[in-house]
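Student: The two chains are supplied separately, each in an independent frame; assemble them into the complex guided by the hints.
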Amino acid sequence: MSQIPASLLTLIAGIVITLFSIWIGLNHGLLPEQVSEQAPLVDNLFSIMLAIAFAFFLVVQGAILIFIVKYRRRAGDDTDGVYIEGNFPLEIVWTAIPALIVIGLGIYSVDVYQRMGGFAPSTGMMAHSHPSSHVAQMSRSAMAAPLMVADAEAVSPEASASESEESATPTGSEAPKVVETYKLPIYGFGAPPEVKKPADVTVNVMGLQFAWIFTYPDSGITTSELHIPVGKDIQLNITAQDVIHSFWVPQFRLKQDALPGEKSQLNFVATKTGTYPVICAELCGSYHGSMRTQVIIHTPEEYQQWLEETKVAQAGNLNQAVATKPAELSPSEFLAPYAQEMGIRAETLKQLHPQHPSS
Amino acid sequence: MTQAQIPLEQTPVVEHSEHKKAWKWYEYFTFNVDHKVIGIQYLVTTFIFYLIGGAMAVAMRTELATADSDFLNPSLYNAFLTNHGTIMIFLWVVPSAIGGFGNFLVPLMVGARDMAFPRLNAIAFWVVPPAGILLLASFFFGGAQAGWTSYPPLSEITAPQAQSIWILSLVLAGTSSILGSVNFIVTILKMKVPSMKWSQLPLFCWAILATSLLALVSTPVLAAGLVLLLFDINFGTSFFKPDANGNVVLYQHLFWFYSHPAVYLMILPVFGIMSEVIPVHSRKAIFGYKAIAYSSLAICLVGLFVWVHHMFTSGTPPWMRLFFTISTLIVAVPTGIKIFSWVATLWGGKIRFTSAMLFALGLLSMFVIGGLSGVTLGVVPFDIHAHDTYYIVAHFHYVLFGGSVFGIYAGIYHWFPKMTGRMLNETLGKIHFALTFIGTHLTFMPMHELGLKGMPRRVAMYDPQFEAINKICTFGAYVLAVSVLVFTINAIWSWVKGEKASGNPWNAMTLEWTTDSPPIIENWEVLPVVTHGPYDYGLNGRGPSAEEESAVSAQ
Ligand code: HEM
Ligand SMILES: [Cu+2]
Ligand SMILES: [Cu+2]
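Chains as they are written, first to last, in the numbering used here: chain U, -6 to 352; chain S, 92 to 646.
Bound conformation, chain S alone (with noise of 0.2 Å):
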């Protein structure tokens, strides 16, 4: 075979001895190919990014507690509202869950020294800095105005420099995202150690699989939408300018055929780090390691097939909106399944209630209130009075927030002992924890009432009578901003000054946890063999007392 044998043929011996085992700091600012180093630089990267969309948010709530247009001009409030919703998708959940935590952990976890292609993955990281720098230096020119879908005619009339530069950006963003699936693929198929079976394969490695594979198909799509677009505002052509012969539906069906998708990019490898998570901090196997994996196979099949349920209300003829409504409620299915594992995983635990646990708890709860919302709204008799109102902004901040950024902060209170050496300081944790949670509900939870009773969303004014309901979620808002505060401080105050970790502090069973925190260069001496599963918690004489089972097995 290929490179997989590699490491595994040279005698450990001799490739280490000279090698030297750490990186110096400055070493994380340059162009370093090193899976960890990278995966390193993609989490603090998109983390400065999270802060200044988060900056965002808040600045559009603060608008948003009255009813008048009084904090922000209408225009610049489009523009927030515009790079708040691009930079939380490209630049902070995307690129953190697949390129932060996919990096430092995939090779780690099929006992690799590294990624198939390093040199490949180091450029598809410092892709993403210019893209963020771009646009951010569109806001010289006013900044993109026509929302993170950026429909025409609007986006080709509304300030066309700082929406070219936007569109530029994405692209540079797309392509870092292809380059970097494009080398997940190889690597989990073909690096992995020939002792791990492939059903010991962590349940994260498969949820990267199925991310990558997704990405593959959809993100050209959009590229070519968005290119269409570039075109339309720069050089004169007509693909969707209505009063030339072109098309305004047709660059929503492109777009959204990878829009939807990339809802999955956003949730499946939190998915991911959900199933690393729950079992080792409830000691218990995962429930259903098979029904997981396929489950993600299975959302990301379905997941291309239902875009257009984000144009009910567009120029959508009847078959399609109702081919669609069934195909949507189709993805629930799996969607629950894994919902209902994890929850199954957690009966009969013993379960440590650890920040990264909190987390994780926190999104099965939360998450759930998301995906019931979106079956509601994949339903098109209903999806046609929700449609684009706030009732939309709380069925995805419930995925996006409560699921996804939820999912990568249990990710980072998980490895951040194993990224950096040492631990997160559990306390400051914990008030995150409570924070972020009731934050979050007090944010997003009246927005579906508001949303119902008829306040559209995307509006930098709004009619008085949901003044009220207002006040509450920019409290919220405020609240969350406090959350990430906190956390900020901490992740900096542990990183320098935290306590020691060991190579294991949490007693986990994957092979990320075989080796020293933070991982030698090279990742191994000695590459691992695997004894046993990825999940064998309660197996080898380390399940409860004989006394203890039998009180369990009695119920």
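Bound conformation, chain U alone (with noise of 0.2 Å):
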């Protein structure tokens, strides 16, 4: 062959080998729909990604395809292959190349991730997010009395866990009114840089073997389901009882884990109204595949409704509050689906409140 049909099938190679991996890039079909304001920027990250596996994909099979069919020993032939010790132009490209990718990517995932709100919880000040004190208040109490519920009168929790961070300064934070000095550092994601105020709807987010456990600071209500409105910033304030759970929703293409004595946080926007599931995915026991429950992203109106019914409906729950602890409680007990819902919502409503929530 001579020089140029070479080269020009390498090029059109190239061509077909850009353009398919491009299309794939474009329909993979993948992911599940996207239903939050940083599920468009996780997928095209995603595309682009799996676009560039794709053409390495089929560069690198191609050319051991070829290279097998066209350098197999023919019978007979005892004889060695030409005797080839590297070729340091060529090592250069291929090891440059990659390595602008991945800078490239790099780069890009910085900013990806800025955009998603990556940035904002490293400030530490979960209570910025709350108006009044008040409400800051059952935060970090919804947050941390669980896990000591029994010497939390000893204790306060929030020294006790900042004892562990060298960062924080629990200086007199066991007064509960010195919100200010609340320092722990927070994971996960905070409101997308631009967003200045703070969020809409503030749901306390707590995973215990094997359910999930909602509570609406702003409210009073507790639920085993999440209920949203579509549109609001939301933010989660996620911790762990007893193990560590980890709080996902495909849909949303957010993770964090739950994490007993540490806090988390999860800022987004919902956009499309809709049912989606919540799963469980940090091992944390035998039936840890079935903790899973639902998102409801309402409308804002269909979400003040039911904000309103389910108050009145919990506030007669309350009072017949049955003391069972959701540890002592059999698997099976668990697994029934929902049926011991009201033991463990009106127990923890007691643990969560333990100042109950008047206003």
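Simulated from the structure, these hints should not be mistaken for lab results. Keep in mind that this is a model prediction, so the values were computed, not measured. Note that beta-carbon positions come from the ideal geometry of N, C-alpha and C, so glycine has one too. Treat the hints with care, as some may be off.
[Claimed, not checked] Partner residues are not named here, just some residues of chain S that face chain U (Cβ under 8 Å, in silico):
#1 R374
#2 K375
#3 T407
#4 L543
#5 Y553
#6 S593
#7 G629
[Unchecked claim] Straight line, CA to CA, 16 Å or less: simulated EDC-like cross-link-like pairs of lysine to aspartate or glutamate:
#8 K591(S) <-> E517(S)
#9 K381(S) <-> E26(U)
#10 K591(S) <-> D607(S)
#11 K381(S) <-> E78(U)
#12 K544(S) <-> D36(U)
#13 K544(S) <-> E26(U)
[Unchecked claim] Derived DEER-like restraints, expressed as beta-carbon distance ranges:
#14 D70(U) <-> I563(S): 38 to 48 Å
#15 V308(S) <-> I85(U): 22 to 32 Å
#16 E118(S) <-> A6(U): 54 to 64 Å
#17 N336(S) <-> A56(U): 49 to 59 Å
#18 L307(S) <-> A6(U): 28 to 38 Å
#19 D104(U) <-> L395(S): 24 to 34 Å
#20 I85(U) <-> F231(S): 54 to 64 Å
#21 K63(U) <-> V587(S): 33 to 43 Å
#22 L83(U) <-> K281(S): 32 to 42 Å
#23 H21(U) <-> L395(S): 29 to 39 Å
#24 A525(S) <-> L1(U): 31 to 41 Å
#25 T266(U) <-> F230(S): 43 to 53 Å
#26 P408(S) <-> N20(U): 29 to 39 Å
#27 T266(U) <-> D161(S): 33 to 43 Å
Tutor: Structure below.
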């Protein structure tokens, strides 16, 4: 073969591979519906990576295939191949191209991460998003109280937890009124940088074997399913009671571990109404696989209505609280879908709101 | 210098004349200090653990054929899950690739009569069976159920006796690996025949050297983490107990500081095997010897600074998430160099499709998939979605099964004649390869989609919408089970009745092929003198005929 057709062939192959890879990147259909503002950001990143990966895949697998066909040993040939030790320019090329690609990917991912709100929680001020100190106080007790129900009075949760973090200064945090000193590291995603106002709806999320419990500090209700309005800034304050769990809604492309003794948050805006799964993604015991519930995204009006109805319904329940410890339930009791829910709910409610939510 | 010269200085004639030349079969079951016996002991023992871990996997896949938990009790599922992972890593891939091949091959490849510290070597091996037996015994207490990562607090409150036994077992396995590493480093650095230049050291030895250094640095950290966990469980300490000022994330750092490098412990020796198998069976010099050797060292070094990519969704501040995104992406570069170098080695060769070569080519093709999905996972915004899902399970099985296990198979087909003096049956070998190649894709390819669409990992029951895809995976696992059976039959049958192998059946150039198959005790009567490089194919009149050569160079 002369030079020209060979390079022409390579060129054509290159174009075909590129087009095919781009097509794959655009049409892979591997990701579920996009229901948060972050989802399209993540998906674009994934699609680009998939296209690049696919191109690499085709080039390498293609080279392997062509070489093993072309350079297979013919019967009776016992000689060796040509002696080649290496080729410096070629090696530079295949070091430099991947290096450039990963640098590009790195920069792009920092940008995506920033637009997702990934830098926001680094301030470590969870209370910042709560306008009134009363609400802030509620949310922090809601976060930490269940961890140490037994000795909640003896040791302030904030003080004990912050001792393990060098960065934290637990100055006088034992006095419930000093909300500002609350400086535990908070992990997860904050509000995107352009959003300066506090979240419209804050929900405290707690994982425990094997259920999620959602409390709404603004209205004092507790549920086992997450209800939120569409198009509003939502903030989830996530923690765990017993072991590590992980809050994941695939359609939001957001996941954050719920860590006992640590706080994390997820801020997002849901972009569609509907019902989507909430999944526990961190092994948390035998029934980890069944630790699934739902997020129901309402229109704002529906959400208000739901809020009112639930408030009324729960006001009644609270008085007939059953003192069942979730951890003492047998697995089968857990599995009976939500049969024990009232028990968990009422008990947890009591734990979560030691100073009964009155307003 | 030291021992390096001792064998040479002795007059070979005196030395070998009265020695016995081969071990009796039963001596393979004793505390034998011969590195070749120890290598085979490692390989056979770990293969048995592979079968046990594989049986657990098949049981798990059977459970997962349907969405409900209807085959295994969920606690037992978690126990299988935990012990499957632990066995495959700590009792199969690591000890067989490093302990098995490393011990058998390193002295032979550097022209030494044994490892630097033979007795220590035997001790390192004899720690492995107790570690395995302990692990299996933990099933009497329900088995450890917190995953091979065993994050507290779950690991502190679930099956505490079994968890403690699990910790002891891992500490034993870690001890074995530390002892082995010291031995490899000294052997490679000090016992190479003087006639071998550093640039003639086989790449497998470079890989074992890099691996051993990495194991020495990282294993103690894992041991520390595990001992703290043991204290928490049994002696009332609270390093990781959140309700008593402990910190659950600290454990994850300690664990992954070891366990990310552990993935290199599992793949670097296998990369070494690749660099030996591919040149021999494609009759080509390795492309870019130096680049391959240095990239191993680069992977080790960078690999020490990427561990947080396993903790992106955990208690990890933003700067950490991004720092470790970048460092993780960087590892892709030296890894790519290796892949490209092997592909380039094929160019212009005379490729022989032996079973060993098929598995090496299979690895090349599979590892690319696992490596590319690994790059996507290194990027934090995407990993947030994919972490702890079946996408991860797909990724690490492409690198561990498609990578490490394929490489071990390639190594076994390649060196079985040297180890046993008999050839493996090539027909069965090809059937084995076909089943394994198809089975691996069937089992693990669909898992990518499962994970992306929303199926978390480590679950015994899942959303019924995923059932159809899971059935494919389960079918694939059965194909893999059959493939392992074919291989086991081939290995046993060939060991007893296989065709006799010559000293150098593949016409290879490294030193282990300059002695008998199996090598005599002490390896050589007269130590070899190195006159050519390990991969000098195509030199000294062995190249292609003139007319072919011009055809090749015209392209
Ligand atoms: C025979 C083929 C194999 C099959 C069918 C198989 C199947 C599985 C399954 C079903 C899981 C549980 C996934 C989950 O629920 O998260 C798993 C986990 C795992 N496997 Fe395999 N596996 C195989 C071979 C291997 C090999 C060869 C290795 C190592 C070299 C390996 C390493 C692991 C690890 C590290 C885990 C994670 C364990 C954990 O989450 O604690 N597997 N495998
Ligand atoms: Cu869970
Ligand atoms: Cu890693």
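Student: Do the beta carbons of T266(U) and F230(S) sit within 43 to 53 Å of each other?
Tutor: holds, 48 Å
Student: Does the hinted range 24 to 34 Å hold for D104(U) and L395(S) at CB?
Tutor: Holds - the Cβ-Cβ distance for D104(U) and L395(S), about 28 Å, lies within 24 to 34 Å.
Student: Within 49 to 59 Å or not, the Cβ separation of N336(S) and A56(U)?
Tutor: Because 56 Å falls inside the window, the suggested range holds.
Student: For the pair supplied as a hint, K381(S) and E78(U), is the alpha-carbon distance within the 16 Å limit?
Tutor: holds, 10 Å
Student: Given L543(S) as an interface hint, is the shortest Cβ-Cβ distance to chain U below 8 Å?
Tutor: holds, 5 Å
Student: Could you say whether the range 33 to 43 Å given as a hint is met by the Cβ separation of T266(U) and D161(S)?
Tutor: For D161(S) against T266(U), whose Cβ atoms are near 35 Å apart, the range 33 to 43 Å holds.
Student: Range hint 22 to 32 Å: satisfied by the CB atoms of V308(S) and I85(U)?
Tutor: Taking Cβ atoms as reference, V308(S) and I85(U) lie about 30 Å apart, which means the hint holds.
Student: Using the Cβ atoms, figure out if E118(S) sits within 54 to 64 Å of A6(U).
Tutor: Holds, since E118(S) and A6(U) (Cβ atoms, about 57 Å apart) stay within the stated range.
Student: Checking hints one by one. Is K375(S) an interface residue toward chain U, by the C-beta closer than 8 Å rule?
Tutor: holds, 4 Å
Student: With chain U as the partner, please determine if G629(S) meets the hint condition of a C-beta pair closer than 8 Å.
Tutor: holds, 3 Å
Student: Can you verify the interface hint for Y553(S): is its Cβ closer than 8 Å to any Cβ in chain U?
Tutor: Cβ of Y553(S) sits 6 Å from chain U, so the hint holds.
Student: Given the hint of 28 to 38 Å, is the C-beta distance from L307(S) to A6(U) inside that range or not?
Tutor: violated, 46 Å
The structure fails to meet hints 6, 9 and 18 from the earlier list, while all remaining hints are met.
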